[in-house]
Amino acid sequence: MGIVDFKNVTVYYSKFKALDNFSFAVESKEIFGLLGPNGSGKTTTLKVLTGLLKPSSGNAFINNRDIWDNKNILKKDIGYCPQFNSFNEKLTIRENIKYFAKLYEIEDDLDNLAYNVCSYLGLSKRIDERVENLSGGFKRRLNIALGILHEPKILFLDEPSIGLDPISRNELWKLIKELSSEGTTIILATNIMEEAEYLCDRVVLLKNGRNIISGTLPEIRRKTPKLETIVIYTQGSYNTNYQKIIQYIHSLQGVMDVEYTNDVIRIKARANYSDEIVRYVVSHLKMSSLIVEDVKVIPSSLIDAFEVLVGPE
Amino acid sequence: MKFFYLLSRDIITFFRDYRNSILLVFMPVFIVLLLGMAFLNTQPSEVPVMVCDMEKGNISEQIISFLEEKETFKIINIDENCKENINKGIRSSTVRAGIIIPPNVTEDLNQGRVAEIEVIYDNTKPIKNFVVFYMRLVSNEFSNKLTRELINNSWVHLENTSSQLATLKGDLEAYSSDLENIIENSKEVSKRMDELENNFSSSLSELPEISVDLRNSLKNQNISGDIASLKINVHKSSQSVDNLIIITQAMAADPSTAAYATPLLNNLTQIKQTLTDAEKDLDDVDLKLKTTNQNLDVSLEKLEKIQATNISIELRNIITEMESNIEVLDQTHGSVNSLSEKISFSKDIFDNLTDKDPRFVAEPVTFNSEEAFGELRFIDFLFPSIMIVILMMISILIPATTLVRDRSSGLLQRILISPIGLKFLITEKAVSNFSISAIQVPFILLIGVVFFGININVANIIPIALVSVITIFTFVFLGLVIACFSKTESTALLASMLFIIPMIFLSGIFIPVEVMPLFLRDVTGILPLSLSSKLLQGAMLGTSTADLLSLTANLVLYIIQYAIIAWFVLRRTLTI
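Protein chains in written order, with the numbering used here: chain A, 1 to 313; chain B, 314 to 889.
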């Protein structure tokens, strides 16, 4: 049994089944990813884990304690960073930290605590600035600061990098890795595959509240069909009928999906059919008076595996 | 300490937005001034009214002056296309009503016909009730004025008539008295005639005999012959005396006998004169005797005739006739008395009527109104209600929107994941919002005192504070409930309006409860705004408008039920 144990949890919102007999376990100090498209049940899972929601059936445990029954005891052990920045924009960073420190009944020197947390997250220079004046990256850091200031054993992150530019996102990811390395168990809900691939030790794929697949990333790759993306760069003329070309490609065996944008055709296909598909398509394009400038075959990412597993909405 | 720290941060958060601070101070100032001014004067004035005087006569001028005297109306005179112009004026909101005075008003009134004046009013504006009311008031007052004039004139006539009736009554009484005398006399006459008739009846039996006797007497007594012989004798004597006088005169002429003869002559002259006189007297007697005889003859004839007529029957007839007349007189007397009584009754009625003020007929009942609250003005009563309305708006809107914002940003969930409980959170939010709303109370009171002369007794400050606390908490919890059901700030805002606007209009503060349908009146009584308003009126004015304890209890019940709903709904909705 892990530090977090989610056992056969089903949650109904009226008649809608948000989680369907969903189970997973999280080991101490690992970064665990809850992956799934919007509405798959990630946030509901976090609500059950944070004690905001009682499961309709099944149980969720932290340290072998039923979360719903022991939420008041467990609250100090968990930290939560919601999807959107949740703090008081009119207060300064210091005031926000002190506010949440009061909520967590921290009796230490709160100014000192605020400074330490800010130093850790690179916010100390702007500690007395109102949050409303901060950039998105700083706000995101503060969002995390408020989740970790009471040094929780388990940190729940709900789509932490949403809305961040790539630089801020990378900084955030490093921070999450650092927290994990310091012993915090992190459960990360995300629909960004790149984020999951970068951060998560293990993931669980959710669809319609159900566990589609779980395990480490290599395990998931093994379990999923191998896909490759064939990228064909073309130079067409004004009267090229791409619609017909796409229809032709779709008819080929092993093709999962076809996309065309700005003279670039992207074909998602099973890896064992890739060579054959490239041959047929290039030949067809030449017959259609299209100039093929380049062809690349890229191995599948977790995203592709995810798409295959999750399928159409 | 945790509670107060969080509370202070929430309040600071609110005021760090300088627009909030400005609005929180100026909003009550603005609304109190605006509403206070708007409702300072409850009577409409200078309501534009078109008057089309088609008569331009005495009565129409009186009507227009009457309207002008009332400062309620601002008269706009028009002369032509009355109806069309009035309708145009009303539709363009230039005027609220129009009055058309027809050309024959004075004539109608003089002829005793009802004068009909047409009033067209704008029935789409709230002022319509005032317009209709004042038009009726003017109509009544003017009609009363005319009626009073009519009655006053009638009074003079009635008093004259009463006076004449009094004279007539006196005459009738005198006539009645005369009649009584006549009847009495007639009865006496009748009685005497009856006696006469009885006497006459007995005399009548002797009458033939008397007649015969009289005749016999006249025949048997030759008085006339006696007088004639006497007359001859006197004449002879007179002649003898004449002779003697002649002789004596001769003797008297003889001086020797003169002494003797002269006195004799004088005596003889005297005797002669006496005899001459006696002769004349006898002639007279003879003449009278003859006349007497003639009269006796006539009398006899009459007696004989009387004898021939049945006097008794005549008398009886006369008596019967008299009795019949007496009966008629009796009846007449009765009628006269009855008439006198009726006249007396009529006079009493007239007197009763004319004893009274002529206004009695025009306005038999007058309602004398007395202001139950003495010197208190409408604004004194309205001000607490305005204060409550402002407190309500702020107390509902701020928690409703801020809580929704905190929830939609995830802050609320984040706070609830911390070790504090939902009850703690609701209490903290209620108190912080209460503190923000309560800041307005002194501002509002200050404006009331400075601008509207509201008198706030030092003794009433604590009750006012208590009512403000209860009121603010009631509406803060309502705001929290609204927030619990709203997912976005705009929903919270609209939902707040759903409570605020009906409460403002149904609480009886600006629209009298009495104009509402009956089923809404019951609702009015239980609205928190009505309860708070009454409570604050009681606290500020020291008037016991209702059972203050019961009002307080009802508001506390509202607080409890709102708190429970907020707790229950937040508990459920925060998890979704």
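Source of the hints: derived by calculation from the structure; they are not laboratory data.
No residue lacks a Cβ here, since even glycine has one placed at the ideal position from N, Cα and C.
Heads up, a few of these hints could be off.
Here are the simulated SDA-like cross-link-like pairs (lysine to any residue), alpha carbons at most 20 Å apart as the crow flies [said to hold, decoys possible]:
hint: 1; chain 1: A; residue 1: Lys54; chain 2: A; residue 2: Phe16
hint: 2; chain 1: A; residue 1: Lys98; chain 2: B; residue 2: Asn473
hint: 3; chain 1: B; residue 1: Lys315; chain 2: A; residue 2: Phe16
Computed beta-carbon distance windows for the label pairs [what the hints assert, rightly or not]:
hint: 4; chain 1: A; residue 1: Asp69; chain 2: B; residue 2: Phe832; range: 47 to 55 Å
hint: 5; chain 1: A; residue 1: Gly163; chain 2: B; residue 2: Ser334; range: 49 to 57 Å
hint: 6; chain 1: B; residue 1: Pro755; chain 2: A; residue 2: Tyr198; range: 36 to 44 Å
hint: 7; chain 1: B; residue 1: Ile824; chain 2: A; residue 2: Ser124; range: 57 to 65 Å
We went through each hint and held it up to the structure:
1. A/Lys54 to A/Phe16: holds (15 Å)
2. A/Lys98 to B/Asn473: violated (102 Å)
3. B/Lys315 to A/Phe16: violated (39 Å)
4. A/Asp69 to B/Phe832: 47 to 55 Å: Holds, since A/Asp69 and B/Phe832 (Cβ atoms, about 49 Å apart) stay within the stated range.
5. A/Gly163 to B/Ser334: 49 to 57 Å: violated (31 Å)
6. B/Pro755 to A/Tyr198: 36 to 44 Å: Violated - the Cβ-Cβ distance for B/Pro755 and A/Tyr198, about 58 Å, lies outside 36 to 44 Å.
7. B/Ile824 to A/Ser124: 57 to 65 Å: holds (60 Å)
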